[in-house]
Amino acid sequence: MSLRGEGGVKGKDRCGNFSSLSSIMWFTEGSDWSQSNDLHMRQMPFDESSVPQCTYNLRIFNAQGFRHGGKSWTTGKWGLCSRTCGSGQQTRNIRCMRKVSYQREELAPQSLCPVNAPAQLQPCNTQACPPEWSTGAWSQCSKSCGRGLRKRSVFCRATDPGTRAVVLPDSMCKLHLKPKAQESCVLSRCPRNERLQWISTAWGECSASCGAGVRRRELHCGEKDSEGGYTEFPVRRCRNLQKPEGDLEQSCYNGPCPEPPVPQLLSPGSPSVTLGWYSSPWLQCSVSCGGGVQSRSVQCLRQGRPSVGCLPHQRPLSSRACNTHFCPAPIPLPVPPPSPTLKVEQSCIDFFSWCHLVPQHGVCNHKFYGQQCCKSCSAKRQ
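For the sequence shown, this note's numbering gives the first residue as 1, with consecutive numbering after it.
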């Protein structure tokens, strides 16, 4: 006969002579009496000397023996998994409880409960982990004071636990989540340098080799030395210093430009007239300031007539920049419209100092000489 725990009698039959009252119970053989519906308990007289005389070998216990019966395990809820992937673990609490009454239990030593206790630990989230970014330690700041730079290594690696750290191609990790590999750093403020100042450089060369042009200079942040030179620093070091007054750009003039060589004008039949490029004087600049254009006529002539065969690389420029200096602040003044008659008269002028020779050689009918020496040719017609 096998009984779980203590505190009961086998069978439902009375046997023996019960001479005193005690709490006894009985239940069907083989059932778990702590949870059985066949459990009965009542006050009844009994005599322990009559127990061996019972046919079913009843075991009788007193009320104290009942309180040591009915031990069982109770379990709590599983806790959170220790990892979100890559085989984590989760735990739960288990307790050994004994039944004191039908509706009340109390904690008992674990040694009194069955040997096969419920599991307190189990695996969870056993799926493999995706690759992730890993970073090394930051380097030291590149500057001991002021704003510097520090760097670190950033690489993609496998994250499954229990395996060696395997470096993977960056494309296997999420690029938009990649940590930065460098950042600015400031260990401390640099002491203020009282000798820092804005230093103006010398004026540069004029932009034009002759005529009007522009020259410029720059403003640097630096520290002058005793020899007249200076050590340059980043401009931000002087950002709190007031800049000196004065322009960084001004107009310049390197004298009038030389006149082009006067071509030799001979009669069309003269054999000594050679092939070459001939250019008219520069016309007036298109603007008086702010950058304009001057133009002139350039033609290949032989014996005073247009020809071919001049070398292209020797062709003089037909246009150039002029009056590139900045314009002063405009002063609004009423400007009368130009006279049409005056415009016509101004357009008929001589562009060369030798134009008075053109009528003498009878080449006014030539298109080039007729246009470039309009005034001299018009005087002859009158």
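Watch out, some of these pointers could steer you wrong.
Mimicking DSSO-like on lysine-lysine, the simulated pairs with C-alpha atoms at most 30 angstroms apart in a straight line are [unchecked claim]:
{"no.": "1", "residue 1": "K174", "residue 2": "K151"}
{"no.": "2", "residue 1": "K180", "residue 2": "K151"}
{"no.": "3", "residue 1": "K178", "residue 2": "K224"}
{"no.": "4", "residue 1": "K180", "residue 2": "K224"}
{"no.": "5", "residue 1": "K224", "residue 2": "K243"}
{"no.": "6", "residue 1": "K143", "residue 2": "K77"}
{"no.": "7", "residue 1": "K71", "residue 2": "K143"}
{"no.": "8", "residue 1": "K178", "residue 2": "K143"}
Simulated from the structure, these hints should not be mistaken for laboratory data.
Here is how each hint holds up against the structure:
1. K174 x K151: Satisfied, since the Cα-Cα distance of roughly 21 angstroms is no more than 30 angstroms.
2. K180 x K151: With a Cα-Cα distance of about 9 angstroms, the restraint between K180 and K151 holds, given a limit of 30 angstroms.
3. K178 x K224: violated, 46 angstroms
4. K180 x K224: Roughly 39 angstroms between the alpha carbons, so the hint for K180 and K224 is violated.
5. K224 x K243: holds, 16 angstroms
6. K143 x K77: Not satisfied, since the Cα-Cα distance of roughly 55 angstroms exceeds 30 angstroms.
7. K71 x K143: violated, 71 angstroms
8. K178 x K143: The given pair, whose Cα atoms are some 26 angstroms apart, holds under the 30 angstroms limit.
The structure does not agree with the numbered hints 3, 4, 6, 7 stated previously, though it agrees with the rest.
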